[in-house]
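When you get a sec, could you build the whole thing from the sequences and use the hints?
So the sequences go chain by chain: A and B. Each step along the first sequence adds one to the number in this note's numbering, with nothing skipped, and position 64 is 64. Just remember that this note's numbering sits 698 ahead of the position in the second sequence, which is counted from 1.
A few of these clues could be false.
[As the list claims (entries may be wrong)] Cβ pair distances, simulated, as ranges:
no. : chain 1 : residue 1 : chain 2 : residue 2 : range
1   : A       : Asp40     : B       : Thr838    : 47 to 57 Å
2   : B       : Gly795    : A       : Ala432    : 49 to 59 Å
3   : B       : Lys1020   : A       : Trp120    : 42 to 52 Å
4   : B       : Tyr1021   : A       : Asp500    : 29 to 39 Å
5   : A       : Asp40     : B       : Gln864    : 55 to 65 Å
6   : A       : Ser643    : B       : Asp1025   : 40 to 50 Å
7   : A       : Val558    : B       : Ala859    : 25 to 35 Å
8   : B       : Arg1027   : A       : Phe374    : 32 to 42 Å
9   : A       : Glu647    : B       : Arg753    : 54 to 64 Å
10  : B       : Thr818    : A       : Leu340    : 53 to 63 Å
11  : B       : Ala903    : A       : Ala432    : 26 to 36 Å
12  : B       : Lys758    : A       : Lys690    : 54 to 64 Å
13  : B       : Asp1025   : A       : Arg13     : 45 to 55 Å
[Unchecked claim] With the C-beta cut set under 8 Å, the calculated list includes, among others, these residues of chain B facing chain A:
no. : residue
14  : Glu829
15  : Glu845
16  : Ile857
17  : Ala888
18  : Ile921
19  : Arg922
20  : Lys943
21  : Arg945
22  : Ala958
23  : Met988
24  : Asp1033
For the record, the hints were derived by calculation from the structure and aren't laboratory data. We put the CB at the ideal spot given by N, CA and C, even for glycine.
What follows is each chain in one-letter form.
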Amino acid sequence: MKISYNWLQDYVRIKIPAESLAERLTMAGLEVKDCQKVGDDSVLDIEITSNRPDCLSHIGIAREAAAVTGSKLKAQSSKLKAQSSKNTVPIKINIEDKNDCPLYTARIIQGLKVGLSPDWLKRRLEAIGLRSVNNIVDITNFVLLDNGQPTHAFDLDKIAARQGGQKQELEIIVRRAKQGEKIITIDGINRELSSEVLVIADKLGPIAIAGVIGGKDTEVDSSTKAVLLESAYFSPKTVRRSRQKLGLVTESSYRFERSVHIPTVCSSQLRVEQLLTKICPNANYSKIFQTKSPNNKNSELCLDVDIGYVNNLLGLNLKRNEVISILNKLQIHSKPKGTLKINVTVPDFRPDLKISEDIAEEIARIYGYDNIKFSLPVISSAARVNADSVCKDAAKIIKRILCASGFSEVISYSLVSKDKTLILENKAQAIAIANPLSKEQEFLRPDLIAGLLDIAKHNFNHGQEEVNIFEISPQFRREDNVVKERLCLGLLACGRRINDWFRQAAVKQKIQVCFFDVKGALESTFDSLGIIDKISFKRLDSNIFVPGQAATVCMDDVAIGFLGAVKESLLRDYGIRRNNIFLSMLDLESILPAVNLKKTYKKFSAFPGMSRDISFVIAENFTVKGIENSISQKGIATLEKISLFDEYKDASIPKGFRSLSFSFDFRAKERTLKEEEVTAAVGAIKNLLKEKFSVTFR
Amino acid sequence: MSNIDLNQVKLAANTEIDNTSSLKELGDLRIKYLARKGIIAGLFDNINKVEATSRPECGKQLNALKQEVTEKINQKALQLETTQTQDAGAIDITADGILPILGKEHVLHRLIEDACEIFTNLGFEIVTGPEVETEFNNFTGLNIPLEHPSRDTFDTFYIEASKSNQKLLLRSHTSPVQIRVMKTRKPPLAVVVPGRVYRPDAVDASHSFMFHQIEGFCVDKNIRFSDLKGVLNLFLKNLFGEDIKMRFRPHFFPFTEPSAEVDISCIICKGRGCSVCGRKGWLEILGAGMIHPNVFKNVGYEARRYTGFAFGMGVERIAMLKYGIDDIRLFFENDLRFLKQF
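Spelled out as structure tokens, the structure:
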């Protein structure tokens, strides 16, 4: 809200310059966003938090200014008095629901002469960036900015004209709009209303949207001679719903939504009269018609506040009389109660103060937040439970291994467009956003695939050849009508696997990422998580992968994820014109319970080992894993490790067969191996290969 | 074996070593004479053919020979190493080193980890919560009325309703984890909560509908506002450097009372005023306060038995300030040229 420094001086004598005032207000919780010189005035742009409707006016800010500068508020001329004339048309006020409008006041002002505003009034409004319209409108605007109460002037003759010039009885109805009812508002827009919108109506229909904006056909203009002046309290919730429905925030709705001050509702009628008398001396005023003032609204709240509690809460050691004097600066009066407490009377313009903690904040902000010293809490050892530390440690390990393997971590948006959820076999699982910003962000992602492919595409389009990325994020699906949020790992690999100018020349070809790079990265991750022994890979046929180049990842034979070479048609859907892109996803939620991060040192043999290679031609339907398992199960105690080191097919090998070469490492724990026993073991392995797999040795 | 044998070997070795001009050849000579199956070793093998009485003397001489040849080769090696400047095996050592392919952790997660570590060092534990939340945990439990202007800053994505009646949303802050933790546990609590949050903001250089927050709270008997100041002072100095200044301004949040906004002196201009801090010299960095009694009430804690503080901050904003990043979209675009810088 824009506040004029000179205007404030009407209410409080401020001896410090505007910039210093701005600094003090900021440090007391009224953040001054900007402080500008305008002519001989200064304008402070203040951000008012939603709990302080009392500060949406110059009077309110003046109260704060007095408190932070230690000045006294100027005494205002004693209570304003209405000078009503006798000959008035009665106004019948008809409130449909008191909850929407607990208080409504109206009076008729006649004998007006609409014209230019006097200079002082123009200056005040223009300083804070408002355009002067005419004396009547300017006065209502001035009052709003001065004391925070929105008032509205209807052109009385225009209201009469609506009912065919009838002036005998004037009925103002405050009611909810009827479905489909329309009104053209003063901004020229024809608005269709609904029952959520509260309107001011006459017998014929709405003439204003209560607390938000007036109607065009009763607007004050240069020919206006008489007005009906409204000052009311509209329910904050009601005004909030109206303005949300209309998508329109006005100075009025902003204040009603935050609640206006009941006593000011009535006094504003008099304040208008006071200002208008000087500008239109011939105006005459009807009595003020009003609905019965709501009970209790005026009664002041009294609170008992324990000084010890406040000091404890803040980390201060204030004495009771210090507290009383701080509160006094804010017009909050208090007196000692018992030995340790004070009884605080909350002024009616501070509905935000309801409990001791609210009073503590008032004390602290005037004492100065910056004057409160630093301390450190004593955090009891009982505070640490570390319930899900395995989860965080595991995630950390996964990140560490994958980063070391050359994968960079990415974070992609959780919201995706509808077509990016289509990979999901069961579309009913996709979760839609009820109020999406755009078609691009209509659904919660059911997996991490779309994000990874989009990132790959972005990088390809920007000349990045090697894209090796991973993401650890939740995926969202509806399962059995429940939203399931599962933490997943997604991984994408593509491009060369080496960054080696030195050896590349020798290799004479770019070495591309392959299936086994991704599999290996996953395997090292499983190893670090202590679950590698539970993991197996099974062939997967999927609509997103190249046939025969995909696997289901299983843990204890239960599927926990997949990896594979992405099918070209899917890549084309994403606008990616490349191949050899590998993708994997793992469900971390199923992995986490099995993670075993406890490490125990295993002794290794100090004795030399021996290595033997065996190459053979074997039918293609036998898998490497199957061969390895068979040999392992043979139970050769000294066989330490089996590793595949070559696989090839060429013209020399019959169709349906392939050549495999394995290296076998032998080692004994407590002695040096003898040549003979290794030869015997190799013989046993060869026999097995021959009998079980009918291999031909090469 | 006679002295002549030894002398011949010695002579031959000396001549060969003297005539050597490269380290490679010298290496070959070392193998020829000194290896396990080399000439001198061969002489040792023949020692049993010598008369038993002269064996000790013979052995002595052999050892002397071995030592002499070894020293001679070592000396020659030293000489060659210092004199040789151009060698056939010379490489252009100014050519590029072969960089290992390293992946990088995302800068936001890196920052979150660094920040959380500062708090865990102070005794806090890390807890996370789901991104799909209930209206109670996100609003009502935190004393945020559903129809009130104080909700406006927490504009929220809702999940399209299913058959169940519960209204679900994407959490608009990490504070619902406060409710989750306090509903299930009793103080003492010292918790830090990193996580992703959502608000329907159109994406531009400084807005994103998805971003990250770090939330922290500490609840026990006698937790004070001054403790909040102390903890945040330590945290911010650890994160931004010793010379940073901090200030607390009163503010309003429905879930804390008293509430504060915390500024640090601008890390770009050191408080003199620049375009980043809007000429104010201060940067708003977090929101904080003492947990509102209504929040305690909502989780079932006895009135005023405990006090506690809570704070929250936006990770992207901190990262942008710390690393001079001028567009929030960079975090989610995931251009490798960006990711690899951190």
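Evaluated hints:
no.: 1; hint: Asp40/A - Thr838/B: 47 to 57 Å; result: holds (50 Å)
no.: 2; hint: Gly795/B - Ala432/A: 49 to 59 Å; result: holds (51 Å)
no.: 3; hint: Lys1020/B - Trp120/A: 42 to 52 Å; result: holds (51 Å)
no.: 4; hint: Tyr1021/B - Asp500/A: 29 to 39 Å; result: holds (31 Å)
no.: 5; hint: Asp40/A - Gln864/B: 55 to 65 Å; result: holds (59 Å)
no.: 6; hint: Ser643/A - Asp1025/B: 40 to 50 Å; result: holds (48 Å)
no.: 7; hint: Val558/A - Ala859/B: 25 to 35 Å; result: holds (33 Å)
no.: 8; hint: Arg1027/B - Phe374/A: 32 to 42 Å; result: holds (37 Å)
no.: 9; hint: Glu647/A - Arg753/B: 54 to 64 Å; result: holds (58 Å)
no.: 10; hint: Thr818/B - Leu340/A: 53 to 63 Å; result: violated (39 Å)
no.: 11; hint: Ala903/B - Ala432/A: 26 to 36 Å; result: holds (28 Å)
no.: 12; hint: Lys758/B - Lys690/A: 54 to 64 Å; result: holds (59 Å)
no.: 13; hint: Asp1025/B - Arg13/A: 45 to 55 Å; result: holds (48 Å)
no.: 14; hint: Glu829; result: holds (6 Å)
no.: 15; hint: Glu845; result: holds (5 Å)
no.: 16; hint: Ile857; result: holds (6 Å)
no.: 17; hint: Ala888; result: holds (4 Å)
no.: 18; hint: Ile921; result: holds (5 Å)
no.: 19; hint: Arg922; result: holds (4 Å)
no.: 20; hint: Lys943; result: violated (10 Å)
no.: 21; hint: Arg945; result: holds (6 Å)
no.: 22; hint: Ala958; result: holds (6 Å)
no.: 23; hint: Met988; result: holds (6 Å)
no.: 24; hint: Asp1033; result: holds (6 Å)
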